[in-house]
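Asker: From first to last, the protein sequence lines are chains U and S. Residue 488 in the working numbering sits at position 135 of the first sequence, with consecutive numbering throughout. Residue 612 in the working numbering sits at position 259 of the second sequence, with consecutive numbering throughout.
Don't read these hints as lab results, they were simulated from the structure. Careful: at least some of the hints might be erroneous.
If several chains are the same, the list does not tell them apart, and a pair holds so long as it fits within one copy or across any two.
Subject to a maximum C-alpha distance of 25 Å in a straight line, what follows is the list of computed SDA-like cross-link-like pairs (lysine to any residue) [unchecked claim]:
1) K658 - R426
2) K633 - G404
3) K563 - S417
4) K656 - A628
5) K563 - M354
6) K658 - D566
7) K563 - R542
8) K563 - L602
9) K670 - L366
10) K444 - Q502
11) K376 - H508
12) K563 - G436
13) K563 - Q502
14) K670 - I500
15) K563 - R443
16) K444 - R510
17) K444 - L503
18) K656 - R473
19) K656 - E541
20) K658 - Q502
21) K444 - G551
22) K563 - Y476
23) K658 - I554
24) K658 - C435
25) K425 - G599
26) K425 - A628
27) K563 - T442
Protein chains: 2
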Amino acid sequence: MRALHFSENGLRLSQIEVPNAEKGEALIRVRMAGICSTDLEIVRGYLNFRGVIGHEFVGTVEDSSNRDLVGKRVVGEINLGCGVCAWCTRKNERHCQQRRVLGILGKDGCFAEFITLPLRNLYRVPDRLEDRIACFVEPVAACYQIIEQLTFMPHDRVAVLGDGKLGILAAQVIAHWVPGTVLVGHHERKLKVAQACGVKIAREDELELKSYDTVVEATGSPGGMEKAIGLVRPQGTIVLKSTYHGDLLFDAAPLVINEIHLIGSRCGPFGPAIAALAGKDLCVEPLIDATYPLDQAEDAFIKAKEPEALKVLIDCK
Amino acid sequence: MRALHFSENGLRLSQIEVPNAEKGEALIRVRMAGICSTDLEIVRGYLNFRGVIGHEFVGTVEDSSNRDLVGKRVVGEINLGCGVCAWCTRKNERHCQQRRVLGILGKDGCFAEFITLPLRNLYRVPDRLEDRIACFVEPVAACYQIIEQLTFMPHDRVAVLGDGKLGILAAQVIAHWVPGTVLVGHHERKLKVAQACGVKIAREDELELKSYDTVVEATGSPGGMEKAIGLVRPQGTIVLKSTYHGDLLFDAAPLVINEIHLIGSRCGPFGPAIAALAGKDLCVEPLIDATYPLDQAEDAFIKAKEPEALKVLIDCK
Numbered sequence: 354m355r356a357l358h359f360s361e362n363g364l365r366l367s368q369i370e371v372p373n374a375e376k377g378e379a380l381i382r383v384r385m386a387g388i389c390s391t392d393l394e395i396v397r398g399y400l401n402f403r404g405v406i407g408h409e410f411v412g413t414v415e416d417s418s419n420r421d422l423v424g425k426r427v428v429g430e431i432n433l434g435c436g437v438c439a440w441c442t443r444k445n446e447r448h449c450q451q452r453r454v455l456g457i458l459g460k461d462g463c464f465a466e467f468i469t470l471p472l473r474n475l476y477r478v479p480d481r482l483e484d485r486i487a488c489f490v491e492p493v494a495a496c497y498q499i500i501e502q503l504t505f506m507p508h509d510r511v512a513v514l515g516d517g518k519l520g521i522l523a524a525q526v527i528a529h530w531v532p533g534t535v536l537v538g539h540h541e542r543k544l545k546v547a548q549a550c551g552v553k554i555a556r557e558d559e560l561e562l563k564s565y566d567t568v569v570e571a572t573g574s575p576g577g578m579e580k581a582i583g584l585v586r587p588q589g590t591i592v593l594k595s596t597y598h599g600d601l602l603f604d605a606a607p608l609v610i611n612e613i614h615l616i617g618s619r620c621g622p623f624g625p626a627i628a629a630l631a632g633k634d635l636c637v638e639p640l641i642d643a644t645y646p647l648d649q650a651e652d653a654f655i656k657a658k659e660p661e662a663l664k665v666l667i668d669c670k
Numbered sequence: 354m355r356a357l358h359f360s361e362n363g364l365r366l367s368q369i370e371v372p373n374a375e376k377g378e379a380l381i382r383v384r385m386a387g388i389c390s391t392d393l394e395i396v397r398g399y400l401n402f403r404g405v406i407g408h409e410f411v412g413t414v415e416d417s418s419n420r421d422l423v424g425k426r427v428v429g430e431i432n433l434g435c436g437v438c439a440w441c442t443r444k445n446e447r448h449c450q451q452r453r454v455l456g457i458l459g460k461d462g463c464f465a466e467f468i469t470l471p472l473r474n475l476y477r478v479p480d481r482l483e484d485r486i487a488c489f490v491e492p493v494a495a496c497y498q499i500i501e502q503l504t505f506m507p508h509d510r511v512a513v514l515g516d517g518k519l520g521i522l523a524a525q526v527i528a529h530w531v532p533g534t535v536l537v538g539h540h541e542r543k544l545k546v547a548q549a550c551g552v553k554i555a556r557e558d559e560l561e562l563k564s565y566d567t568v569v570e571a572t573g574s575p576g577g578m579e580k581a582i583g584l585v586r587p588q589g590t591i592v593l594k595s596t597y598h599g600d601l602l603f604d605a606a607p608l609v610i611n612e613i614h615l616i617g618s619r620c621g622p623f624g625p626a627i628a629a630l631a632g633k634d635l636c637v638e639p640l641i642d643a644t645y646p647l648d649q650a651e652d653a654f655i656k657a658k659e660p661e662a663l664k665v666l667i668d669c670k
């Protein structure tokens, strides 16, 4: 099969074997997949991953011990726990210390014709959820993780820093709880897309310092932390949603003096993400910049790396 | 009166005017005061404070609009809010943005014969609580702030990093909730004192990585953060109790990947601290290394700066 393979030789569309489904796994024919910033980080050397990359996808079950699933469209949680440790038995395999992660850690990913995933990772996709929208389930789930971790009140002051894909999605999700949520960024085009999706935009210099109950740091840049510390109120919360690659340098004294909460946030629950996207409660269509066939996956990455780019999809059919 | 004054010329025992009590303030004759690590940081330039330093004290009310207090022994909360902002009206003047802080920010401190403090900041000291022990109320209150901020369960795994004064006190306070709390440090003598106080000691190399529900970072050194991140379990909590002076550099990726909570922790409630010290629920006597008269306050600071030093008191009577 064709697959986008990353190794010391770089990113190459390669011909490799169709993966064998392990016990409890389904074989899935990938329909459509999305490029995430983490994929771009991996190509820069993050986590030392070698193999087929990609973890945002929608596919059709090709083979499965659960015959009912065959032929059905699915999306899948990307963390594969060991199944026996305390984390896995408490249904929190996202934190299993032996976990593999689709296209990120020890498991071939979805920029390919086929992948395998455990049946327990799969979620049926409602018919009304198109492939190109279903590719957003995984990143939207990551935004719902913020809702799982914090308690919001409707009149909270919430700022999301970073006008990338994740920032725009997070601002939309949080706005369901806190309508006044603002997005802060400095990419003209991305901000226009966000605005077209109904996201409230604020210029950085308009923001009152030390006044935000919650600041979501989704810039992915080291300066984002200092900005977040400047904006959050005493005893307020900063959510770290960026994948930091390399060391972070900042003045930590305000964290102590102002008793700030900082909380890391990674993968989230698929259920609410599927429901929100199927119910058209979120606007994601304008975030799609381009769709490339799998054969042009290398070009898709070149496009996704552009500073003003948002979501780039790969059609794997 | 005599007072230990800090300015660009350094730390000098000086002759200054007795302070005037403002409206709502009492005039207090300082009996005994303790040197805190924050005082040592101030002398190194932290917060650019100029004036009389010191914030841990017990004194006798010399003059007050509340005549019942005159002649009584008191300790005092160190944050002086503006009294009218949203923080102050919600009884959280520790976070008032216009606050002054005794001996730290805009308010002369307690290494002096007299100080003034608002009546609302004062707490009566029970007769059975001796002066030398009452000096610990303020730092012990800071440890009870951790109890206010988190929820502990008896079988949690808790590690306190740093065998300084604050670490030893924090380990004792938390051990009331979590008996298995361990203290980690590398100063032979300090660890012996901690052990004499009944604190459980653990060597750093015995600690299981990624296994602690809560790690209290009280080393005051930049490396403490990396150690705390290494020890805390996924979705566990790191309490930042150190005053960091200068920038902190660390790999923040695990904060996100392991969804770690980080929470800054500063001043705390005096009530439980007084009760615990008066009830002899905490062991602090062995932490006292020396007591100097106010006339030798400069020498007291030299002693307090020794790497193996714990609490140094100044007798201001």
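Asker: All hints are to be evaluated individually against the structure, with a verdict given for each.
Answerer: Hint-by-hint comparison with the structure:
{"no.": "1", "hint": "K658 - R426", "in the structure": "neither (29 Å within a copy, 67 Å between copies)"}
{"no.": "2", "hint": "K633 - G404", "in the structure": "neither (35 Å within a copy, 61 Å between copies)"}
{"no.": "3", "hint": "K563 - S417", "in the structure": "neither (53 Å within a copy, 36 Å between copies)"}
{"no.": "4", "hint": "K656 - A628", "in the structure": "neither (30 Å within a copy, 65 Å between copies)"}
{"no.": "5", "hint": "K563 - M354", "in the structure": "neither (53 Å within a copy, 39 Å between copies)"}
{"no.": "6", "hint": "K658 - D566", "in the structure": "neither (33 Å within a copy, 39 Å between copies)"}
{"no.": "7", "hint": "K563 - R542", "in the structure": "neither (28 Å within a copy, 42 Å between copies)"}
{"no.": "8", "hint": "K563 - L602", "in the structure": "both (20 Å within a copy, 23 Å between copies)"}
{"no.": "9", "hint": "K670 - L366", "in the structure": "within (15 Å within a copy, 81 Å between copies)"}
{"no.": "10", "hint": "K444 - Q502", "in the structure": "within (16 Å within a copy, 27 Å between copies)"}
{"no.": "11", "hint": "K376 - H508", "in the structure": "neither (49 Å within a copy, 37 Å between copies)"}
{"no.": "12", "hint": "K563 - G436", "in the structure": "between (44 Å within a copy, 19 Å between copies)"}
{"no.": "13", "hint": "K563 - Q502", "in the structure": "both (22 Å within a copy, 20 Å between copies)"}
{"no.": "14", "hint": "K670 - I500", "in the structure": "neither (34 Å within a copy, 56 Å between copies)"}
{"no.": "15", "hint": "K563 - R443", "in the structure": "between (38 Å within a copy, 17 Å between copies)"}
{"no.": "16", "hint": "K444 - R510", "in the structure": "between (33 Å within a copy, 21 Å between copies)"}
{"no.": "17", "hint": "K444 - L503", "in the structure": "both (20 Å within a copy, 24 Å between copies)"}
{"no.": "18", "hint": "K656 - R473", "in the structure": "neither (34 Å within a copy, 63 Å between copies)"}
{"no.": "19", "hint": "K656 - E541", "in the structure": "within (18 Å within a copy, 58 Å between copies)"}
{"no.": "20", "hint": "K658 - Q502", "in the structure": "neither (30 Å within a copy, 42 Å between copies)"}
{"no.": "21", "hint": "K444 - G551", "in the structure": "neither (35 Å within a copy, 38 Å between copies)"}
{"no.": "22", "hint": "K563 - Y476", "in the structure": "neither (41 Å within a copy, 31 Å between copies)"}
{"no.": "23", "hint": "K658 - I554", "in the structure": "within (24 Å within a copy, 50 Å between copies)"}
{"no.": "24", "hint": "K658 - C435", "in the structure": "neither (34 Å within a copy, 50 Å between copies)"}
{"no.": "25", "hint": "K425 - G599", "in the structure": "neither (41 Å within a copy, 56 Å between copies)"}
{"no.": "26", "hint": "K425 - A628", "in the structure": "within (17 Å within a copy, 65 Å between copies)"}
{"no.": "27", "hint": "K563 - T442", "in the structure": "between (41 Å within a copy, 18 Å between copies)"}
Consistency with the previously given hints fails for numbers 1, 2, 3, 4, 5, 6, 7, 11, 14, 18, 20, 21, 22, 24 and 25, ordered from lowest to highest.
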